[in-house]
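Colleague: Residue numbers (this note's numbering), protein chains in the order written: chain F, 79 to 335; chain Y, 46 to 578.
What the hints contain is simulated information worked out from the structure, not anything from laboratory work.
Check each hint, because a few of them may be wrong.
Unchecked claim - Over 12 Å on every C-beta distance to chain Y, these chain F residues come out as not near it, computed from the model:
#: 1; residue: 135
#: 2; residue: 149
#: 3; residue: 151
#: 4; residue: 153
#: 5; residue: 154
#: 6; residue: 182
#: 7; residue: 192
#: 8; residue: 227
#: 9; residue: 228
#: 10; residue: 229
#: 11; residue: 287
#: 12; residue: 304
#: 13; residue: 307
To be verified - Straight-line C-alpha distance at most 25 Å; calculated DMTMM-like pairs for lysine to aspartate or glutamate:
#: 14; chain 1: F; residue 1: 133; chain 2: F; residue 2: 148
#: 15; chain 1: Y; residue 1: 346; chain 2: Y; residue 2: 359
#: 16; chain 1: Y; residue 1: 327; chain 2: Y; residue 2: 195
#: 17; chain 1: F; residue 1: 133; chain 2: Y; residue 2: 416
#: 18; chain 1: Y; residue 1: 495; chain 2: Y; residue 2: 94
#: 19; chain 1: F; residue 1: 133; chain 2: Y; residue 2: 94
To be verified - Simulated coverage check for chain Y against chain F, where a stretch passes if three residues somewhere in it have a Cβ under 8 Å from a Cβ of chain F:
#: 20; stretch: 183-197
#: 21; stretch: 257-265
Keep in mind that this is a model prediction, so the values were computed, not measured.
Each residue gets a CB set at the ideal place from its N, CA and C atoms; glycine is no exception.
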Amino acid sequence: MKIFASYNIKGGVGKTATAVNLAYLAARAGYRVLLWDLDPQAAASFLFRIRPRVKGGGKALIEGTRSIGDAIKATDFDNLDLLPADFTYRNLDLILDNAKKPTRKLRRLLTPLRAEYDIIFLDCPPSISLLSESVLQAADVLLVPLIPTTLSVRTLDQLTEFISGFDGQKPRVLAFFSMIDRRKRLHLDIAEQLPAQRPDFAATAIPALSVIEQMSVHRAPVTVFAPRSVAARSYAALWAEVRARGALPAPRGRSVS
Amino acid sequence: MQNAFREFALDGAGSPAPDGALPAPGSAFRWAAASRPRTLRRVWLDTFDWRLYRAGLTLEQVSCRGRTDLTLTGRDGTVIAGEHVGPGLPGESAAPRKSAGLPKWPGKLDSLPPGPLRERLGPVVGVRALAPVAKAVSVIRERPALNSDDKTVARVTVDRMSVSYPARATPPARLAVTALRGYQPQAVRLADVLAAAPGVADTTQSALEAALASAGRRPGDYSGKINVELTPAMPAAVALATVLTALLDTLEANVQGTVHDLDIEFLHDLRIAVRRTRSALKLVGSVLPAGLASKYRPEFKWLGDLTTPTRDYDVYLFDFPGMAESLVAAKPAELQPFHDYLARKRAAAQRQLARGLRSARFSRLTVGWREALAATVPGRRRPTAAAIAAAKITRAHQRVLAQGAAITAISPPDSLHDLRKRCKELRYLLEIFGSLYDPGEQWQAVRELKGLQDCLGEFQDTQVQYEKIRAYAAEMMAERMAPATTLLAMGEIAAGLIVRQRRARSEFGGRFSDFASPLSQSRIRALTERAGK
Numbered sequence: 079m080k081i082f083a084s085y086n087i088k089g090g091v092g093k094t095a096t097a098v099n100l101a102y103l104a105a106r107a108g109y110r111v112l113l114w115d116l117d118p119q120a121a122a123s124f125l126f127r128i129r130p131r132v133k134g135g136g137k138a139l140i141e142g143t144r145s146i147g148d149a150i151k152a153t154d155f156d157n158l159d160l161l162p163a164d165f166t167y168r169n170l171d172l173i174l175d176n177a178k179k180p181t182r183k184l185r186r187l188l189t190p191l192r193a194e195y196d197i198i199f200l201d202c203p204p205s206i207s208l209l210s211e212s213v214l215q216a217a218d219v220l221l222v223p224l225i226p227t228t229l230s231v232r233t234l235d236q237l238t239e240f241i242s243g244f245d246g247q248k249p250r251v252l253a254f255f256s257m258i259d260r261r262k263r264l265h266l267d268i269a270e271q272l273p274a275q276r277p278d279f280a281a282t283a284i285p286a287l288s289v290i291e292q293m294s295v296h297r298a299p300v301t302v303f304a305p306r307s308v309a310a311r312s313y314a315a316l317w318a319e320v321r322a323r324g325a326l327p328a329p330r331g332r333s334v335s
Numbered sequence: 046m047q048n049a050f051r052e053f054a055l056d057g058a059g060s061p062a063p064d065g066a067l068p069a070p071g072s073a074f075r076w077a078a079a080s081r082p083r084t085l086r087r088v089w090l091d092t093f094d095w096r097l098y099r100a101g102l103t104l105e106q107v108s109c110r111g112r113t114d115l116t117l118t119g120r121d122g123t124v125i126a127g128e129h130v131g132p133g134l135p136g137e138s139a140a141p142r143k144s145a146g147l148p149k150w151p152g153k154l155d156s157l158p159p160g161p162l163r164e165r166l167g168p169v170v171g172v173r174a175l176a177p178v179a180k181a182v183s184v185i186r187e188r189p190a191l192n193s194d195d196k197t198v199a200r201v202t203v204d205r206m207s208v209s210y211p212a213r214a215t216p217p218a219r220l221a222v223t224a225l226r227g228y229q230p231q232a233v234r235l236a237d238v239l240a241a242a243p244g245v246a247d248t249t250q251s252a253l254e255a256a257l258a259s260a261g262r263r264p265g266d267y268s269g270k271i272n273v274e275l276t277p278a279m280p281a282a283v284a285l286a287t288v289l290t291a292l293l294d295t296l297e298a299n300v301q302g303t304v305h306d307l308d309i310e311f312l313h314d315l316r317i318a319v320r321r322t323r324s325a326l327k328l329v330g331s332v333l334p335a336g337l338a339s340k341y342r343p344e345f346k347w348l349g350d351l352t353t354p355t356r357d358y359d360v361y362l363f364d365f366p367g368m369a370e371s372l373v374a375a376k377p378a379e380l381q382p383f384h385d386y387l388a389r390k391r392a393a394a395q396r397q398l399a400r401g402l403r404s405a406r407f408s409r410l411t412v413g414w415r416e417a418l419a420a421t422v423p424g425r426r427r428p429t430a431a432a433i434a435a436a437k438i439t440r441a442h443q444r445v446l447a448q449g450a451a452i453t454a455i456s457p458p459d460s461l462h463d464l465r466k467r468c469k470e471l472r473y474l475l476e477i478f479g480s481l482y483d484p485g486e487q488w489q490a491v492r493e494l495k496g497l498q499d500c501l502g503e504f505q506d507t508q509v510q511y512e513k514i515r516a517y518a519a520e521m522m523a524e525r526m527a528p529a530t531t532l533l534a535m536g537e538i539a540a541g542l543i544v545r546q547r548r549a550r551s552e553f554g555g556r557f558s559d560f561a562s563p564l565s566q567s568r569i570r571a572l573t574e575r576a577g578k
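With the rest of the complex left out, here is chain Y (with noise of 0.2 Å):
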């Protein structure tokens, strides 16, 4: 069997009545009889962030007969991989089954039995987990196309969809028309006739989208990136309080999966919309009415602070498989105490944290914030939004500069820490007034920034990992939960962040001339410098 090559959506009119009769296939050919219907529970599964959508491929769990699989399909409809997960849903049929084989969503890719499937979906999931983006029921009945020899030559499917998920809604049936092998002409002259039936309207649709859409959604509809349109005229205020209104969206939709400890990724992107809201209130909060900006960072500090020991356990877990294959005189057995150790204080930290994202005072934040961006109105000054980012970005530009230029081989650590976060500041400024600029431009302008960026992160990150696990080793020796050869190991480990630590002091100089270099700061003053025009 092969895939549908023309796919249609039927209105009031063509659509089929549910004995699955259709528009006359035209005097070449003639209906077989429909086939008995069969009744498919269908689950698609995707990341948070849409990494399959995005990757074009599609996961489906369908429940038919007694029988569950899993399927990964490319956007054509091609079979890429395919699992058997189990038996049928209960209630599915008459006949007694058990639901435990399935596997639970949302749930990580180890869910999932070892084979083609996981493997193709490892790269594209990552470390996300897998859950439902929508589910619906879908009667099905075939009727096939015969021709004057009354051989099959095309299949005609009717799809009638009941979704359940993310809202109730019913999207018009679809009609499939699949060609069998050496059958490709007839199936396209049967979907000719088809096509100029009334009600009938070819649909590039997939299944998906379609019950998406019917249900209020669109694939894709979530994304970490600040999406917003700001325009140069824009009085500052409400420009800056629409980016915090989308940060604040963006904050929100990722707790619950932070909560519920779904993926690590959920807490990442709440963070950064966090750290990106508090530089935004540092930088511009001025532009907001009164008062404003002050009384919500200490806010937003506390936030970012609840957020922090989970994220660093999260980092260190992260890195742990890297860390243990780099051992050269430890075996990478010998740190199973301190994988133990951080899983433990990692639980005891996630725990605090949903208590936290829990507690009233989140929820004071969260609403009284919402509220004072939607109420923020032009001050009289009435900056435009192009002016504001021209001033700010050429300021925090002119900052990096200057205290990148003073720094030398005998510069203290903390002088490059405050050089990171003075980077940052300026990443943040061009991604919060980012829709003012052409994204090819602004592109090129952060490009080197970046560079700059990667060299002090790995600078600061070395350091900060070595000093935690000097104090996890401290730690653990306390509590004696530390044999001598995991602290050897963590030793040698230790010993390996400084290393790294060291190639990366000896990397900034020439990132640093990158990024200083005349024709990265004329791309820099050009951006601020254009979108005011």
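So here's chain F without its partners, still in its complex pose (with noise of 0.2 Å):
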């Protein structure tokens, strides 16, 4: 079992756009994928039509009164599963602060899953906190959407500074391009120079595209409602190199057409 990790410190960069359009590409690939919508938005759950409601709320899974399995909803897509958001989420900090080895919490909370998935999406809330350090210690790979600015990039530096302090294990950080306005020189300088020059960037980038924005009003992956678009040939390209890069074993299940 692989865990992807949807995140970076800043808000509105396409962090939920990245975890619902991989983790569909990744089921209809034939990957049995679990999606776990950490943020109180409650985006994710939205766009999968799921009510952001857990029994219990964030207390009862991180305590495991509730199990994990039983807050899991089928999304409407073969070999995606989705654990919804809940509003008591904006609390995880405080309920992880008082939970033995917080930053471990998350990892330890997954493990069961393992037999039932092949790949776990985090899909994370903007913030570096006890929560965001507790999915950096789950996560095997870091999947870091960044517009591409001087700032991100400074960004991106501290977060894998930080990581490279952890003790044990440390997620490998592979960071992208995402929302480039093409009429902007910053941007396409930027995005054009940055992966050549470094391994922890994917080539692929993701352009600002209102179809993306449109995943909103159809409540769907953009490549179940425009599966020809620019947009879902980006995530296609993008889901290929992070398949790679994460080298994941060929899935047992039979891919979805």
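With the hints as a guide, bring both chains together as one complex.
Modeller: Next up, the structure:
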């Protein structure tokens, strides 16, 4: 089981769009996939038409009084399940603070799902907090969408440095440019130069496209309602790169056409 | 996707239109558009004696959209193991493809690639071949049921099946409700709404059971056991004719599998039917119309003799891996020429056997025997089944007790062989008249007999195998196909057989004491006494 976390300290950079689309593409390729919507804003849950409610809230999940398996909901797509968001997730930092070894808590919670899923995507809220730290310790690969600005790149460096200080397991960082505005020279310059210079950057970049924003209207991954769009092709290319760099074995299940 | 938790059969009124229209789903849900229909070519596989079905398993080969999978499920539909076995069947789609990669049925397990499916099937299927028990084409349409957020909470599939084997038939359309994970309560509500619609009835039949039922068969309808219902007051001639007809059914059911050499159990079951028939004719044949038993006994002896050579080689080849592993001084590979010799001899014996089973003599035997049994009417003296059973079983029991008690440590091997024959006679009588008795009491009665038979069987089988391996060795020498290392290995096996035989002989006393104990004797007496009341 591989755990991918879609994470950035900043908000509005395309984390949820990344998690939703890649989770869908992984499931379509035949992997058994779980997406955990950790953001109390519940955007991923909304996009899959799943009500953002977990009985007992985040506290019950973290403290183990409710099993994670019981809270999981199937999406409308084969091989793809979702652990919905809940508004109480806004207090996950406080709940984790009361737990033993809080930064390792998330990984421990996910371990029993090893037999059920090949891949888990974590859609994280924008912050740097105890929850983020727990996510960083749980993940095998950190997918970091970045808007191509100098400040964004500086944020990535800070994150990389933070991770390098971890004891034991450290996630691999895979950054990629997101929401590229082709009218902006700065975006194009940075997006062209950096992936060639840094091994932690994916070659694929996701453009800023209105069809991606329309996901919230269609309430579905972009590949579902606009399969031939540039956005769908970009996410497919990103998934191919993530799959290769994440060294995923071939799926056991059948690909879904 | 989870398993269907509730299934329905649809009669005329509830039968869905070809476009997949279904009863209204109630106010809380609405139907999404039906999916494009999928056509599945389905082949259900099992052994001839339904080992998978009896173990609560279903093995189905499904070809759909250019791909063929084999899936093993439990009785509740849970997938236990699956294997992608090849492309789709020819003609299933316009795309050209080869069907050469598909496993051929009937076939043995080793025609499947190694993997979890083969591993799971192995202990259940054993040496038996898998063969189609039903074939059908299913046209499947799926209708998602949506909640007020347009989220799918359940999927309803409509399965319109056309059965082509074992007979052409069209079972009622089937409707299955599958809950999506986390939406069980909503799916339950939806299923309740559907259940209340006209023409919709709950069904517990699996798709295989429905396919077979529509074609006039039921799973598990073959067993090597004598499956008849005798009554104590039935005239003995009629009872015996009933049993012998059932044995003829078993014999004939196994002919094709034996002729085509599908697996070694066809011949085994056929031989048991012949042996039981011969014993019945010998022990109770006098109740049949005059001359009938004496006319057919030589014919069934011919049939028994016809089957013996192939079975002897089967036993050797079946035990071969165990024999090879048991070698201490010799190496298993040194036995290979012996294996090749046995396989060659078996192939020749099998050809001879197949010729015999296709012969006019065999055909005359089975046709004439069936007609004679159908024409059997009780004679003037009309003894009842219970009376004959009691008399014959008591006599056979007494003979076993007397012969067994006379055997001492210095008795010749033939005395044990004779005792084995007497035990078989008693066992066959208990089986032939088994339906007169309480199954629990009958099992108790034969338990000690079985223990004794196992011991005597081991004693005689090892003797026969010892003599045979010496004869094989001589023959291989004469044919110049026996390297010295192979002969030495065979010698080691022969020595092992003698060790086993001595062990069996040393166990005889204890086994016979168990059988001859007052408790065991009273069980057999009680069995025959109670059957007449």
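Colleague: Decide, hint by hint, whether the structure agrees.
Modeller: Results for each hint:
Listed as outside the interface, residue 135 of chain F is consistent with that label: its C-beta sits roughly 16 Å from the nearest C-beta of chain Y, beyond the 12 Å cut-off. Here residue 149 of chain F does not stay apart from chain Y, with its beta-carbon only about 8 Å from theirs, under the 12 Å limit. Residue 151 of chain F, annotated as away from the interface, has a beta carbon of chain Y within 12 Å; the closest lies near 3 Å. Against chain Y, the non-interface label of residue 153 of chain F is violated: not every CB pair exceeds 12 Å, the least being about 8 Å.
Residue-level check failed: residue 154 of chain F sits 4 Å from the nearest beta carbon of chain Y, not beyond 12 Å. The Cβ of residue 182 of chain F sits about 27 Å from the closest Cβ of chain Y, beyond the 12 Å cut-off, so the non-interface label holds. The Cβ of residue 192 of chain F lies farther than 12 Å from every Cβ of chain Y, with a closest approach of about 17 Å, so its non-interface assignment holds. Non-interface status of residue 227 of chain F relative to chain Y is upheld: no Cβ of that chain comes within 12 Å, the nearest being about 37 Å off.
The Cβ of residue 228 of chain F lies farther than 12 Å from every Cβ of chain Y, with a closest approach of about 42 Å, so its non-interface assignment holds. Residue 229 of chain F, annotated as away from the interface, keeps every beta carbon of chain Y farther than 12 Å; the closest lies near 38 Å. With a least beta-carbon separation of about 24 Å from chain Y, residue 287 of chain F lies farther than 12 Å from that chain, consistent with its non-interface assignment. Here residue 304 of chain F stays apart from chain Y, with its beta-carbon at least about 18 Å from theirs, past the 12 Å limit.
Every beta carbon of chain Y lies more than 12 Å from that of residue 307 of chain F, the smallest distance being close to 22 Å; the non-interface claim holds. A distance of roughly 9 Å separates the Cα atoms of residue 133 of chain F and residue 148 of chain F; the hinted pair therefore holds under the 25 Å criterion. Pair hint residue 346 of chain Y plus residue 359 of chain Y holds up; C-alpha atoms about 20 Å apart against a cutoff of 25 Å. Restraint check for residue 327 of chain Y and residue 195 of chain Y: not satisfied, since their Cα atoms lie roughly 76 Å apart, outside the 25 Å limit.
At roughly 73 Å between alpha-carbon atoms, residue 133 of chain F and residue 416 of chain Y are farther apart than 25 Å, so this suggested pair is violated. Taken as a hint, the residue 495 of chain Y and residue 94 of chain Y pair is honoured in the structure, with Cα atoms around 23 Å apart against an allowance of 25 Å. Between the alpha carbons of residue 133 of chain F and residue 94 of chain Y the distance comes to roughly 50 Å, so the proposed pair goes past 25 Å and is violated. Coverage of a stretch by a chain is defined here by at least three residues with a beta carbon nearer than 8 Å to that chain's beta carbons; for the stretch 183-197 of chain Y and chain F the count is 5, and the condition holds.
For the stretch 257-265 of chain Y, the stated coverage by chain F is not satisfied: 0 residues place a CB nearer than 8 Å to a CB of that chain, which falls below the threshold of 3.
The structure is inconsistent with the numbered hints 2, 3, 4, 5, 16, 17, 19, 21, although it conforms to all the rest.
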